[in-house]
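S.K.: Quick mapping for you: the protein sequence lines, in order, are chains H and W. All residue numbers for the first sequence refer to our numbering, where the first residue is 460 and numbers rise by one. All residue numbers for the second sequence refer to our numbering, where the first residue is 23 and numbers rise by one.
These are computed hints drawn from the structure, not numbers from a lab. It is possible that some hints are incorrect.
Claimed, not checked - To list a few chain H residues with every Cβ distance to chain W over 12 Å, as calculated:
#: 1; residue: Val509
#: 2; residue: Asp535
#: 3; residue: Pro550
#: 4; residue: Ala638
#: 5; residue: Gly640
#: 6; residue: Arg721
#: 7; residue: Gly723
As the list claims (entries may be wrong) - Rough simulated footprint, nothing fancy, chain W against chain H, three-plus residues with beta-carbon under 8 Å:
#: 8; segment: 576-588
#: 9; segment: 626-637
#: 10; segment: 653-666
Where is the CB? At the ideal position from N, CA and C, for every residue including glycine.
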Amino acid sequence: MPASLDVAVTDAPDSIAAWLSDRGAYRVSERVGDTVHLESVVADAGPSLVLHRVPARGARDAIDAGVDVLLTSDPDAVAYAATRPDLTSVPSAWNREYGLLLLASQSSDAAPALDTLRDELATGAVRVESRPVRASSTDSCADPAGAPTASATSAVARARIVYSRADDVARSLAARLIALGSSRRELLAALSPSLANAGDSLRAEGVDPGTVAGEVLRGGAVAAVVAVPRFSGCGVLTLPGADVPSPRVVPLIETRERLIARRGLTGRALAALARAIGDSAQAGP
Amino acid sequence: MTFRARLVTAFGVVALVPLVAIAFGVRREMDQRLTAQDTRRAAALAAVATADLSRRGVSIGDRLASLADALRDDNRFRLAVTQGDASERPYVLDLAGREMRLTGLSMLQIQDASGRILSSGHFRNEYDRLEPDLPALVASARGAALVHARTADGPVLALVRVDSVRLGGRALAIVGGEVVDSAFLARLAPGDEFSIALSLPGGDGAGATAAAPPDSHTVVVSRTAVPYIGGGPGGSRTEQAATLTLSRSTAALDALRRSVDIWFAAAIALTAAIALAASAWLAARVSLPLRELAEQTSRVDLDRLDVDFDTGRDDEIGALSRLLGAMTRRLRASAARERDAERRAAVGDIARQVNHDVKNGLAPIRHVLRHLAQVERDEPARLAAVFAERRPTLDASVDYLDTLARNYARLSPRLDVAPCDANAIARIVAAGASLPRSAALVLELAEDLPPVRADALVLRRILENLVTNACDALDGRGGTVTIGTARADGGAQLTVSDSGSGMTRAQLNRAFDDFYTTKPGGTGLGLSIVRRLVADLGGALRVDTEPGAGTRVSVTIPPNDKPRAPDGPSEQP
């Protein structure tokens with residue numbers, strides 16, 4: 460078993476490292492620039508990992524360049540790896556949850572429509588592996604004070620849904636919500652009456668990652684698509700401003716990534732890594 | 023207006039009017055030609071822009087046709103559409119985006135027969151939305167049409183065409199095109215000076231592209247109607263017409279006009295300055311000699327005929343100077359001749375006056391001598407007594423002639439003023455008067471007459487001349503000549519009157535002129551001499567006369583201490 464595995468990631472290495480650390484198998488041993496070194500918590504439980512980032516559109520090039528392991532959600536890379544007999548692909552656990560941050564109240568009888576909306580979003584809106592959120596913990600974590608009432612801020616909010624311009628999944632979800640605003644408005648009504656009322660005037664707009672939630676809180680947007688890493692505890696959602704109504708995050712879908720590795724690594728190393736990142740239901744030790 | 027001002031004005035007019043006329047003519051001709059050229063060029067470029075728009079529509083159609091061919095050969099797409107293969111759904115959803123990028127389009131959506139969007143390139147997640155009217159409306163436009171397509175970021179205007187493909191009996195519509203934004207319009211604009219604006223029904227418009235925003239220099243070159251499928255997502259669509267307006271900035275042409283105007287204005291100003299300077303120089307060259315000539319001419323009079331008009335100029339002013347010089351020389355010669363004639367006349371006058379005065383002085387002597395000769399012949403014994411009696415007359419006449427001679431010797435007699443007895447002088451004159459035989463001389467002398475301060479000789483000459491004239495006025499007939507004296511305002515008044523023929527008004531007016539006489543053999547100097555002598559004494563002369571009623575001449579001598587300023591004689595007919 461190699462002493463360390465060179466793992467290319469298309470997401471932020473810090474985010475992946477934090478997720479892996481949260482899962483308990485690894486801990487961060489060193490950070491050098493955009494490269495993160497992880498070591499196994501349990502001796503001989505697996506190789507240490509060196510995470511370095513590759514461009515999202517360069518995942519296939521990384522494969523062709525002979526990287527040991529690639530952790531990505533890019534469907535084109537996954538499809539490409541499937542055509543390569545020397546590569547194997549293992550899904551990770553559902554490690555990211557997307558929700559809609561808004562201030563408006565949610566209809567109490569909207570659960571069926573909300574499920575329909577989640578199904579709708581999970582089946583075509585995004586290009587990564589996704590599934591609708593069912594019994595998510597995020598909504599209960601993100602709104603400890605309960606659902607806020609519609610505030611004056613939300614009444615004058617601009618008819619737009621913002622997302623992080625660095626997140627393709629969030630952009631796709633926002634775009635689909637915009638599209639549904641004219642074709643299936645009842646689904647948006649399950650989220651928020653103000654969203655449904657905006658209808659055709661609703662726009663999607665990418666903003667800086669650090670300002671997504673702030674746009675909603677200051678009335679710059681009626682809603683924001685936010686991504687919350689799935690940790691063992693509650694999702695971490697840092698919202699600025701203590702004097703504003705508590706926002707509500709309506710979970711929509713969750714996504715996961717794929718571990719693409721060369722078949723030559725099959726064995727204890729890959730098994731250990733797959734066990735570390737994989738869903739216990741799918742990739743056991 | 024001075025000659026210089028006239029010259030400057032004339033010069034300015036002569037120089038500026040033609041230049042201004044040329045400037046306006048050239049400006050007008052240039053403006054017309056440039057405008058016509060510019061209009062033709064703009065029209066040609068507008069046609070190019072319209073053709074370019076049309077070519078873009080054709081190009082979109084070509085690319086959609088190619089895409090339709092590609093879709094027929096795409097088995098995965100065929101499976102998804104005809105067999106409903108759910109595994110190929112992501113492929114279908116991403117298909118339009120992929121093909122849109124490949125074909126260079128910026129709007130593409132594939133719809134099934136019901137109008138449901140299967141795949142959208144410009145708005146991937148718009149799938150499953152129904153838009154059944156759009157393909158038919160675009161097809162009815164028979165070319166490219168403008169539509170508002172929805173995207174996640176908001177609606178965009180696109181120039182689209184429609185094509186179709188049949189897969190397994192299922193008709194699919196392919197609606198695709200290019201987004202019409204400011205960049206699109208900028209590419210249509212044939213040049214930097216052109217701008218294109220798109221006006222949609224209802225006031226909605228696309229951005230205009232221009233080198234500069236529309237201003238007073240912007241003119242509309244052409245307006246082209248473009249089919250526009252109004253309405254949009256969520257609303258019914260209808261075919262309308264949008265207007266593509268091509269505008270052109272005339273700033274360059276206007277700048278050229280301004281530049282030409284500035285150059286013309288500068289040329290006119292320069293010409294005006296040169297004309298003014300040249301005319302001022304020329305005026306100075308002409309008017310200065312003329313002014314000098316005028317000053318020289320102003321100095322010319324009969325006493326100053328020595329003005330030099332000599333000049334070296336060979337122009338008109340030189341000719342005028344020479345003419346004036348010649349005229350002055352002629353005047354000088356004429357004046358010399360006139361002075362010579364005057365001198366001769368004066369000499370003659372003096373000779374006649376001397377002759378007259380000598381005759382007057384000799385007359386008493388002649389009378390005395392005639393009397394003595396008569397006494398010697400008739401009464402020789404009384405000769406000594408008569409001689410003694412008449413000797414004062416002889417002595418007085420001799421003294422008179424002596425004084426006269428001395429005065430004439432001086433040419434300009436000077437008065438020998440002293441108190442004198444006017445009555446005594448009157449008596450002497452009366453004694454020497456040559457009266458006609460039947461006439462009588464009467465003396466009316468004031469006894470209390472004070473001495474008169476005058477030159478006795480002058481006083482005697484005055485009275486002698488007046489008495490002589492009075493005697494002559496009797497015309498040899500009988501009558502009376504009266505010599506009178508009287509006090510007058512502190513002075514004395516001497517009067518000589520006759521009962522002769524008197525004078526008419528005309529005769530009186532000329533009576534004191536030199537050499538005017540109505541008597542045969544008269545000198546015409548008597549009264550003129552009297553006038554001058556009275557004036558020398560500072561006295562006054564008055565004549566009262568009437569034809570047939572005689573003449574009375576009064577001479578007033580001012581008092582001793584108050585000499586009167588000489589004044590002209592006054593006549594009373």
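S.K.: Now, for every hint given, state plainly whether the structure supports it.
M.R.: Taking the hints in turn, this is what the structure says about them:
1. Val509: Given a closest Cβ separation of 32 Å, the condition holds.
2. Asp535: Its Cβ does come within 12 Å of chain W, the nearest being 9 Å, so this is violated.
3. Pro550: holds (16 Å)
4. Ala638: violated (4 Å)
5. Gly640: violated (9 Å)
6. Arg721: holds (26 Å)
7. Gly723: With a cut-off of 12 Å, H:Gly723 remains clear of chain W, as the shortest Cβ separation is near 30 Å.
8. 576-588: holds (count 4)
9. 626-637: holds (count 6)
10. 653-666: holds (count 5)
Checked against the numbered hints given earlier, the structure breaks hints 2, 4 and 5 and satisfies all the rest.
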